[in-house]
Amino acid sequence: MIKKRDAGIFMTAVSPDMLEECIAVISRFDITGQELEEFAVLFLNPGKSMFVIPRKRAALIKKDTTDNIFLECALAAKADFIISGDKHLLELGTFMKTDIVTAAEFVRRV
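By numbering that gives the first Met the number 0, the letter at position 60 of the sequence shown is numbered 59, and the numbering carries on one by one without gaps.
Any given hint could be a false lead.
Claimed, not checked - Pair ranges (Cβ atoms, derived): (1) G32 <-> R108: 30 to 36 Å; (2) K3 <-> E37: 14 to 20 Å; (3) K77 <-> F28: 30 to 36 Å; (4) R56 <-> R107: 30 to 36 Å; (5) K2 <-> A58: 33 to 39 Å; (6) K62 <-> I30: 23 to 29 Å; (7) K62 <-> A103: 29 to 35 Å; (8) T31 <-> R107: 31 to 37 Å; (9) T65 <-> E104: 35 to 41 Å; (10) G32 <-> T101: 27 to 33 Å; (11) E104 <-> R56: 24 to 30 Å.
Derived by calculation from the structure, the hints in this document are not laboratory data. Beta carbons are placed, not taken as given, at the ideal position from N, Cα and C, and that holds for glycine.
Hey, can you work out the whole structure from these sequences and the hints?
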């Protein structure tokens, strides 16, 4: 997926809350600070990523309310896709005009 993004086939969108959540989850694994920094840079690559500040809050997912930050980011970015392995997000299938898919499904579609 990174190769396709770097080739300009798509852009990633990230919000401050989303980046914070992703780093918190990744930090639970046995990785170095440098690896964590490299992960964050994937999302903050100018020309390949867009940084958005969501203006509207979502409260659609009740079982894990933190997941709503991904919906908020997608809405602010007018995203076509949310790529996730999270069961609560995947259960929605779509949010507004955004399809919620696994990484494997996304690769098949683009």
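Here is what the structure says about each hint:
1. G32 <-> R108: 30 to 36 Å: Because 35 Å falls inside the window, the suggested range holds.
2. K3 <-> E37: 14 to 20 Å: Distance hint for K3, E37 holds at roughly 19 Å.
3. K77 <-> F28: 30 to 36 Å: At roughly 32 Å between Cβ atoms, F28 and K77 fall inside 30 to 36 Å, so the hint holds.
4. R56 <-> R107: 30 to 36 Å: Holds, since R56 and R107 (Cβ atoms, about 32 Å apart) stay within the stated range.
5. K2 <-> A58: 33 to 39 Å: With Cβ atoms ~36 Å apart, the hint holds.
6. K62 <-> I30: 23 to 29 Å: holds, 27 Å
7. K62 <-> A103: 29 to 35 Å: At 24 Å between Cβs, range violated.
8. T31 <-> R107: 31 to 37 Å: holds, 33 Å
9. T65 <-> E104: 35 to 41 Å: Given a distance of about 22 Å, which is not inside 35 to 41 Å, the answer is violated.
10. G32 <-> T101: 27 to 33 Å: holds, 29 Å
11. E104 <-> R56: 24 to 30 Å: At 27 Å between Cβs, range holds.
In terms of the numbered hints stated before, the structure departs from hints 7 and 9, listed from lowest to highest.
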